[in-house]
Amino acid sequence: MGQPITVTVNGEKRTAEVEPRLLLVHFLRENLRLTGTHIGCDTTHCGACTVLVDGTPVKSCTMLAVQADGEQVTTVEALAAGGTLHPIQAAFKEEHGLQCGFCTPGMMLTSIALLQDNPDPTDDEIRWALSGNICRCTGYMNIVKAVKSAAVQMKAAAAVPAATAAARS
Amino acid sequence: MLPAPFEYHAPRSVDEALDLLDQFGDEGKVLAGGQSLIPLLKLRFASPAHLVDINKIKGLDFIEERDGTLRIGPLFRHKSAERSSLLASRYHVMADAAPQIADPIIRNRGTIAGSVAHADPSGDWGTVLLAMDADLVLRSKKGSRTVKARDFFSGPFSTALESNEILTEIRIPAAKAMTGGAYLKLERKVGDFATVAVAVHLRMDDGKVGSAGIGLTAVGPQNIKAEKAEESLRGVRLDDAAIKQAAALAAEASDPKADQRGSVEYKRNVVRVFTERGLKRASERARGGG
Numbered sequence: 001m002g003q004p005i006t007v008t009v010n011g012e013k014r015t016a017e018v019e020p021r022l023l024l025v026h027f028l029r030e031n032l033r034l035t036g037t038h039i040g041c042d043t044t045h046c047g048a049c050t051v052l053v054d055g056t057p058v059k060s061c062t063m064l065a066v067q068a069d070g071e072q073v074t075t076v077e078a079l080a081a082g083g084t085l086h087p088i089q090a091a092f093k094e095e096h097g098l099q100c101g102f103c104t105p106g107m108m109l110t111s112i113a114l115l116q117d118n119p120d121p122t123d124d125e126i127r128w129a130l131s132g133n134i135c136r137c138t139g140y141m142n143i144v145k146a147v148k149s150a151a152v153q154m155k156a157a158a159a160v161p162a163a164t165a166a167a168r169s
Numbered sequence: 001m002l003p004a005p006f007e008y009h010a011p012r013s014v015d016e017a018l019d020l021l022d023q024f025g026d027e028g029k030v031l032a033g034g035q036s037l038i039p040l041l042k043l044r045f046a047s048p049a050h051l052v053d054i055n056k057i058k059g060l061d062f063i064e065e066r067d068g069t070l071r072i073g074p075l076f077r078h079k080s081a082e083r084s085s086l087l088a089s090r091y092h093v094m095a096d097a098a099p100q101i102a103d104p105i106i107r108n109r110g111t112i113a114g115s116v117a118h119a120d121p122s123g124d125w126g127t128v129l130l131a132m133d134a135d136l137v138l139r140s141k142k143g144s145r146t147v148k149a150r151d152f153f154s155g156p157f158s159t160a161l162e163s164n165e166i167l168t169e170i171r172i173p174a175a176k177a178m179t180g181g182a183y184l185k186l187e188r189k190v191g192d193f194a195t196v197a198v199a200v201h202l203r204m205d206d207g208k209v210g211s212a213g214i215g216l217t218a219v220g221p222q223n224i225k226a227e228k229a230e231e232s233l234r235g236v237r238l239d240d241a242a243i244k245q246a247a248a249l250a251a252e253a254s255d256p257k258a259d260q261r262g263s264v265e266y267k268r269n270v271v272r273v274f275t276e277r278g279l280k281r282a283s284e285r286a287r288g289g290g
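Protein sequences appear in the order of chains E and X. Here the working numbering is used: position 63 in the first sequence is 63, and no number is missing along the way. Here the working numbering is used: position 135 in the second sequence is 135, and no number is missing along the way.
Treat the hints as calculated values from the structure; they're not laboratory data. Be aware that a few hints might be false.
To give an idea of the interface, some chain E residues facing chain X are shown, with a C-beta separation under 8 Å as derived from the structure [claimed, not checked]:
id, residue
1, H45
2, T56
3, T62
Just so it is clear, CB atoms sit at the ideal spot from N, CA and C, and this is done for glycine as well.
All chains, please: the whole structure from these sequences, using the hints.
Listed below in structure tokens is the structure:
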């Protein structure tokens, strides 16, 4: 028995009829074929399935698709705009913030939410913010480096338009 | 893993939610943050026929101090507690506990009231509320009643909450001058359940203990209020002897089981040590330090 939902996923309105018991992660992966969101533990521990719901990191294996009705969901597929990597993606690549890459979509989305909240986090703040995302390869060192590097890039990118605007006024 | 099938309801008001719950009886279940309930549904430990999601009801995420009472709504989330300047400045035991709940992503959705209603003996908020002598407002279609936190928990995952009721408000006596608190939690890793945790909520009065609340997590079939330890402190000077005695009484009140997190003796000893440390930290904070 289907329940109609409309979820804005990566800026696009997606309408579907879903079973109430369908988890958000399955809606994304199977109904919308957005398989960048990974299923790791399926028990709310690992954070691999993290997506942003209205900008907030949420474990999509622990939210029902029907609960996302009317909400904005952002997945890893939205990060690279027009073929250009998002600064967080570029930083994970440059700093070797991944090995197998399974946890990476969740890591990056949690990191983006952190940097929106706190554009200049310390190592401790990064580790704290990412403590719900488990990585079995890297030992986390390069993930922390990648987030720091992305913070610098994103601040610089934010400063350019502001400076241009200031120069114009 | 998929939950067993259920019907989903997203009422827009508390009255509407209560109507639904009244209609469904034991077949209905309230969904708040869902960070315990959804895993339970997936593991099929719970399979209600109807899920009543209260997340679409506006105005339930409140926290306010009014008429000598701190009031917390059913959708006040762990993350909001972690970021609350009110809790940081006046309710240290809650401010201490908030960042130690699960992990940051779970804290974005999980709620204090949901955690309390779930009544996991390893849950943290029930212990905090026992130490703070909170009242819980349970509302049904027929009206509301107020239950003391110490009368609320009746065993593992068991409470006084009836199937047609919602925990609509947590009420905590507003912190008076010279109040301090602490929550100490031992966990193996971030996101693990407590091996042991101790909540202390202390009010000093003219150099002596005005009132002391002590709660214990994960060392019994439910969150425990260490009443004998609390009573031993009332009206006394908080010196080393009084702290040691209260800590010994708290350890006696605990009833831990041996598991992969530790032996009975170990856990009981952690209760003793954490009660000592918690009382010291709480009294420093009551004096405006720490």
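How the hints compare with the structure:
| no. | hint | result |
| --- | --- | --- |
| 1 | H45 | holds, 6 Å |
| 2 | T56 | holds, 5 Å |
| 3 | T62 | holds, 5 Å |
Going through the hint list in order, the structure satisfies each hint without exception.
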